[in-house]
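Student: Start from the sequences and build out the full structure, keeping to the hints where you can.
Residue numbers (my numbering), protein chains in the order written: chain A, 1 to 341; chain B, 1 to 341; chain C, 1 to 341; chain D, 1 to 341; chain E, 1 to 341.
Hints were generated in silico from the structure; no laboratory data involved. Hints may contain errors.
[Unchecked claim] Pairs of lysine-lysine residues, derived as DSS-like cross-links and limited to a Cα-Cα distance of at most 30 Å, are as follows:
#	chain 1	residue 1	chain 2	residue 2
1	A	K174	B	K239
2	E	K30	A	K239
3	D	K155	D	K30
4	A	K86	A	K16
5	D	K239	B	K174
6	A	K174	E	K67
7	A	K67	B	K155
8	A	K155	E	K164
9	C	K30	C	K16
10	A	K30	A	K198
11	C	K239	B	K155
12	A	K174	E	K164
[What the hints assert, rightly or not] Sample of chain C residues at the chain D side, in silico, Cβ under 8 Å:
#	residue
13	E246
14	F250
15	I274
16	T282
17	F284
18	S290
19	F299
Cβ coordinates follow ideal geometry from the N, Cα and C atoms, glycine included.
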Amino acid sequence: PDKKLAASAPIFRAVKFCADGRQERFDIRKPALCQELGLQVRDLRFQQQTILQPRDTAIIIRMEEIKAIVSPDCVYILDHEEPRDKVLLGELQTQLEGDNSSPVAHLPLEFKGLEAILNYRISSLKQELDVLEPAILQVLTDLVEPSFMSVDRSKLRVLLQYRKSLTEFQTDVKDYVEVLTDILDYDDSIEEMCLTDKITNTMATSKSDHLSHVDEMELLLENCLGRAEDIVNRVAEVKDLIEDSEQIIFMNLDSHRNVMMRLNVQLTMGTFSIALFGMLGTAFGMNLLSSFEEDPKAFWIVTGVMFTGCGLLWRRLLWFLGREVPPNRKWSWKNFKSSGQ
Amino acid sequence: PDKKLAASAPIFRAVKFCADGRQERFDIRKPALCQELGLQVRDLRFQQQTILQPRDTAIIIRMEEIKAIVSPDCVYILDHEEPRDKVLLGELQTQLEGDNSSPVAHLPLEFKGLEAILNYRISSLKQELDVLEPAILQVLTDLVEPSFMSVDRSKLRVLLQYRKSLTEFQTDVKDYVEVLTDILDYDDSIEEMCLTDKITNTMATSKSDHLSHVDEMELLLENCLGRAEDIVNRVAEVKDLIEDSEQIIFMNLDSHRNVMMRLNVQLTMGTFSIALFGMLGTAFGMNLLSSFEEDPKAFWIVTGVMFTGCGLLWRRLLWFLGREVPPNRKWSWKNFKSSGQ
Amino acid sequence: PDKKLAASAPIFRAVKFCADGRQERFDIRKPALCQELGLQVRDLRFQQQTILQPRDTAIIIRMEEIKAIVSPDCVYILDHEEPRDKVLLGELQTQLEGDNSSPVAHLPLEFKGLEAILNYRISSLKQELDVLEPAILQVLTDLVEPSFMSVDRSKLRVLLQYRKSLTEFQTDVKDYVEVLTDILDYDDSIEEMCLTDKITNTMATSKSDHLSHVDEMELLLENCLGRAEDIVNRVAEVKDLIEDSEQIIFMNLDSHRNVMMRLNVQLTMGTFSIALFGMLGTAFGMNLLSSFEEDPKAFWIVTGVMFTGCGLLWRRLLWFLGREVPPNRKWSWKNFKSSGQ
Amino acid sequence: PDKKLAASAPIFRAVKFCADGRQERFDIRKPALCQELGLQVRDLRFQQQTILQPRDTAIIIRMEEIKAIVSPDCVYILDHEEPRDKVLLGELQTQLEGDNSSPVAHLPLEFKGLEAILNYRISSLKQELDVLEPAILQVLTDLVEPSFMSVDRSKLRVLLQYRKSLTEFQTDVKDYVEVLTDILDYDDSIEEMCLTDKITNTMATSKSDHLSHVDEMELLLENCLGRAEDIVNRVAEVKDLIEDSEQIIFMNLDSHRNVMMRLNVQLTMGTFSIALFGMLGTAFGMNLLSSFEEDPKAFWIVTGVMFTGCGLLWRRLLWFLGREVPPNRKWSWKNFKSSGQ
Amino acid sequence: PDKKLAASAPIFRAVKFCADGRQERFDIRKPALCQELGLQVRDLRFQQQTILQPRDTAIIIRMEEIKAIVSPDCVYILDHEEPRDKVLLGELQTQLEGDNSSPVAHLPLEFKGLEAILNYRISSLKQELDVLEPAILQVLTDLVEPSFMSVDRSKLRVLLQYRKSLTEFQTDVKDYVEVLTDILDYDDSIEEMCLTDKITNTMATSKSDHLSHVDEMELLLENCLGRAEDIVNRVAEVKDLIEDSEQIIFMNLDSHRNVMMRLNVQLTMGTFSIALFGMLGTAFGMNLLSSFEEDPKAFWIVTGVMFTGCGLLWRRLLWFLGREVPPNRKWSWKNFKSSGQ
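Tutor: This is the structure:
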């Protein structure tokens, strides 16, 4: 039954990098891969989104779509997809072929593999943010434009989309920070990451001339962690900016609404005055005897009263409004009259 | 009196799984069960919602509705209900009967029991979220639709219901994470979980050929913890999305309100102009002598003044509004006129 | 001078429970009590709201209104008030008289005292929440009712009152959790709680047959802590629900406002159309010569123009509004017309 | 050059308390004071707002405006100002003269000094909150009054001022908590606080008869910390209450707005109906031949149609509004009519 | 190939300070600098914004635009720009030349370098806040002015800009706090900072007469940390104040809107009354026989009914509004009438 089981096990598409940078591409079943690397079946389940776990003979890595195994002799990239992972594969090759400018050039294979994968991941996260951040800033700049009285609602939807991306991005970066912190918080874990030393049992010796491998590993991880934390800070700043901008947008909209409301009240005051004194005209328009029918001055007096009374009442109402709800300087009604003349 | 006490003690409906996967179903009183398993009475109170506590001879588990006791010889599921717990019972049986693909196949009984129960719990939590998340996203998509000026209030209520479920769900997952973390934070606790080793006193020996049981236990718990943390992340993302969407909905509503307010002010301006110049017509409609009664051009002049003056005043007022409260491009009044012609 | 000082010291009304459950009630001065129990004066100041502090010869407890001292020989309840503390005194007596079903029945006196007091406190906290939670849910259900366009403001005040109670309740529970955590975080503190063992110097011996007293103390405190944390979770859920509901209420109100605003704009459009074409009628109502006075069709033509033009203009304006500010399906104006016919 | 430097150094106005409570007041240059107390120059910079730092021969304290140095022989208060610090100086004197009721009466000088200064600080913080809290509650009670449709804006400004004070107060208390926690978290730090023991090297001896000085110091600091944490809790509760109240105020305002909006729509419906049917009157008011001029019933028919039609249309519109935007019970229009009759 | 690599390596513009304060300015390639200081290439990548890392032979510092290396013999400032970094260079020179008032005057070179750089950084952060804080307070004071019914929207944009600056500033200070905390949390790290002691292996000796170098380093870092934490507190207070003010601004705007809404409803009530009773006049204005044409009193009766009825209806409606939506004292309509007379 074991054979049958093994036959039905999932198949990984693997790229194997040897110490000299040579690539091999092949398909391999999970149990076979486990046996080759001395791992447990459970180690290759990749059930979490972000994994960085040292095992006895290999380091298991998952960073979202990247699945990799780093052993002291070779690096496996599993389930790669070509256009997407091309840069990663290239970088791995460069590191393994011996890039002298690299700080891990003189170190065992697992350092080179880790450096390539962790750096690739943090660089691609940084690239993602470098695209996302200016796009969000552009949308926000458009939305907080203070002279508009309504917001472009299609941009609101775009903003929501960006916020969603930013939240997911934040989770990715936090996961990255967390797996590194989990290793760095315990000296044991850092030691476990140095596979070659574990095998050769040379841990903590030969410290005399230069940094031990454990210290090198700590530096490598701390460097990645530091860069990730800078990204975390930037994301937090963008999130803060979005929230602040939203408050400003609300104030903008509220303020515009009040300005329009004030205009409306002013106009309603005018309409009210006109309606009140217009009723005088309606009264004299009735087919009833007012005894002024023949008076030649009555027309002018009543018309005068209508227009003057209406004007005076409006002015009084506006004065009342101006006292109770004072406008900002910029928005006074006087402004209108003076600019209108 | 002790006998009487025992007689009045609560009765558990228990399913007992032996090491070979055989099931036994029976009812048992609390004190009897305590004695059988070598536990204290207090251990079986199940006063908290989520429990994972190693005791000397057994591990006591409660996960919301699941109550279980894992001993080195057998696994008890207490107070099970049939349709609900069927999957759990099935999974337990599979594990105990020896599923070779399982990573705990070669380990003592308590590993198999824990693996089955903890995995079942995290899987059912994941399933719950897999149902809840798309439902929430659907409601949100409907609510943030930018072209609607009001929200479907029945959907608001549905959203509230979903948020309540999500909050309760979050508490469940956090409890799960917490009990696992409480164990994993202390090496002693992990050792206490390995019941068989405690009994046979084989802790930390036979490490030479493969992983010790303590390490296996740590891996088992860490794996469950990792999956739970992925769920925690997803829940946090959904919560963020809901909050972001609500802000967008408010902006949408506010923006629509401003647009309508502007339209209203424009119409009020028109009505005001008409009322003002209509008063001219009312004046001439009075049964009073204006001396123009016989003038043949007077009608046309006054009517012309009424309509033209009203039109000019409105235009001026609209210009004033356009200067002080500039619309967005899309929403200008010109838009109306051009599309209306 | 010391005697005088002692004479002016505060007097405690004390109830003393002996190991066999016998009660003694008396008044005692602070210094006398200190001397009797071998405590410092400072220990009996009770300056904080929640205290659980082991001293050399006694444990000092304060839980809001409960002040108690647990010594290896007896338990003191200080400043008790009768109707309020009756349940606590009863529970203490039951524990001390030897309740066989209690998990601390076989343990020294201080365990029984602690179990009674801590359990009483957590039970009364739970009861408080059991009253508060449904009351809050009821108010929230009333307030989020989506069909109402305004909220019952008296209920808002009730809600505010409940939120205040909830916040104070939360502080109480957090205090309780904190004092327990302070003890449980340090093994020394747990040992200090076992007064009898400290005196007889039997700490950590006789572990062979059953759980040591230190482990029993840890279980006792952990059990109380676990129950308190469940309450903390429930409070957090209720707080979240209140906040979510408030957002929904705001959306409800905003949405209703927009619906009414839209209705208003529609009516203003109608009034505007009527005013504009009514001006035609006003013009012909002037006592001026329009030369159509004798035309028998003029009346019908002008009246027709007035009503038709007004209707057409309104329709056009409504169409414009419908295009720029589309309503939700449910709220369209067509809905009104079709249901109105 | 050193002498010159010393001459230009800042001068402290100091009050020196000797062990017997005697006061000495004098001015002293910084370097002289350093030399006298065996401190470094850096120790007397007082660059932070809240300081509690043990040095070899003295404890340096700063609590906002209080600067003090506690040595085993004497206590210095630096830069005191008379009316403000009078209470502190009085309390110090009382402690040092030997207040038998004090829990530190039998302890070395530094305990008395610390007790006086730390207690004075926490008491004055508590007093500050005792003034601030009821003032804030009063303003909030005024603002959440549900029957007002607008808020008293001058009170808003007062509230803002109080919130600012509360935030600053919170920072002060947190600083106090932090410096105490920094000491209490490390056993070394507590030992360093016991200056007399450090000098006489009697640390941790003479424990047989009563509490060691280190334990006394821990109790002293823990007592202050506990009182500060109670204040922290109260501040947090007030902050929560302010936020909750603000939400309620917003709901109040929104709800009132909706009620008024509904009234407005109802009135606009009425005005619309009147305008529509008034157009009929305007039509018949034109100086055109309608052929009904001589009909004696026409006046009554048309007038009847105008008023009845207008009434029916309004009723229909109100019914529509009532169906689409149902009011709360309390606010229905029927309420008006029934109470109006 | 190595030589070529070295030739293409980045060039630093460096200022080198020797122990006596002498400056040397030159350009140096990265590998050359590494070799000179005994550092790894990776150490000079400066990939993070804020760095404070002890290495075997030097301390690497980056504080935003400042890049520095402190070795036991000299201090390098890299990539300096003249007007910006002038103050820093000056302060370094002063420290190194031996400023006797400095608390590090008697300590090895690395203390002087650290003191100068860390103090310069914290001082310039403080200066930045000293400019930002009053500017923000000024804008807030302008915005919360309670008598304005709308906010100056250009100030909103300024506020947004300030909030962005404040958030970025906060990140800078937090980074500063974090790097110091990372050192201070581990005694090893503090020891590693004492380069001279590491080289001469004199760690923890010569403690007899005065503070050891490790203690001096701890004091130096703690002092900087304390000052940074005061800034963190101030920033948090400003952030709180901004949020509180925004709430107040929203309440202000909402309250003003309600006042205007109420005014609007009152005017609409008036217009409604006028329209209703004006219809009476319109009716009598029709060219139809009402049989009252010749009645001399009819005109006065109908006119009287129109004006009185309209007045009474308005009063009734205002009474109704006043009952249902009571105004604040200050805003009552009576206020208007009494002040209008």
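Student: Each hint: holds or not?
Tutor: Do the hints match the structure? See the list:
At roughly 17 Å between alpha-carbon atoms, A/K174 and B/K239 fall within 30 Å of each other, so this suggested pair holds. Restraint check for E/K30 and A/K239: the C-alpha separation of about 37 Å exceeds 30 Å, so the hint is violated. A threshold of 30 Å between alpha carbons decides the hint, and for D/K155 with D/K30 the separation of about 47 Å lies outside it, so the pair is violated. For the given pair, A/K86 sits about 14 Å from A/K16 by alpha-carbon distance, which is consistent with the 30 Å threshold.
Distance restraint check for D/K239 and B/K174: the Cα-Cα separation of roughly 27 Å lies within the 30 Å cut-off, and the hinted pair is therefore satisfied. Using a Cα cut-off of 30 Å, the hinted pair A/K174 and E/K67 holds, with the two alpha carbons roughly 28 Å apart. With a C-alpha separation of about 41 Å, the suggested pair A/K67 and B/K155 falls outside the 30 Å cut-off, and the hint is violated. For the given pair, A/K155 sits about 21 Å from E/K164 by alpha-carbon distance, which is consistent with the 30 Å threshold.
With a CA separation close to 15 Å, the supplied pair C/K30 and C/K16 stays within the 30 Å bound. For the proposed pair A/K30 and A/K198, the alpha carbon gap of about 25 Å is at most 30 Å, so the pair holds. Restraint check for C/K239 and B/K155: the C-alpha separation of about 22 Å stays at or below 30 Å, so the hint holds. Note on A/K174 and E/K164: the hinted pairing holds, with a Cα-Cα distance of about 23 Å set against a maximum of 30 Å.
A hinted interface residue such as C/E246 counts as satisfied when its beta carbon comes closer than 8 Å to some beta carbon of chain D; here the least separation is about 5 Å, so the hint holds. With a least beta-carbon distance of about 7 Å to chain D, the hint placing C/F250 at the interface is held under the 8 Å criterion. For the restraint placing C/I274 at the interface with chain D, the shortest Cβ-Cβ distance is roughly 4 Å, inside the 8 Å limit, so the hint holds. Because the closest C-beta pair between C/T282 and chain D is about 6 Å apart, less than 8 Å, the hint holds.
Interface restraint check: C/F284 against chain D, minimum CB-CB distance 4 Å, threshold 8 Å, status holds. A distance limit of 8 Å between C-beta atoms decides the matter here; for C/S290 the minimum to chain D is near 7 Å, and the interface restraint holds. Interface hint at C/F299: satisfied, since its Cβ lies 4 Å from the closest Cβ of chain D, which is below the 8 Å cut-off.
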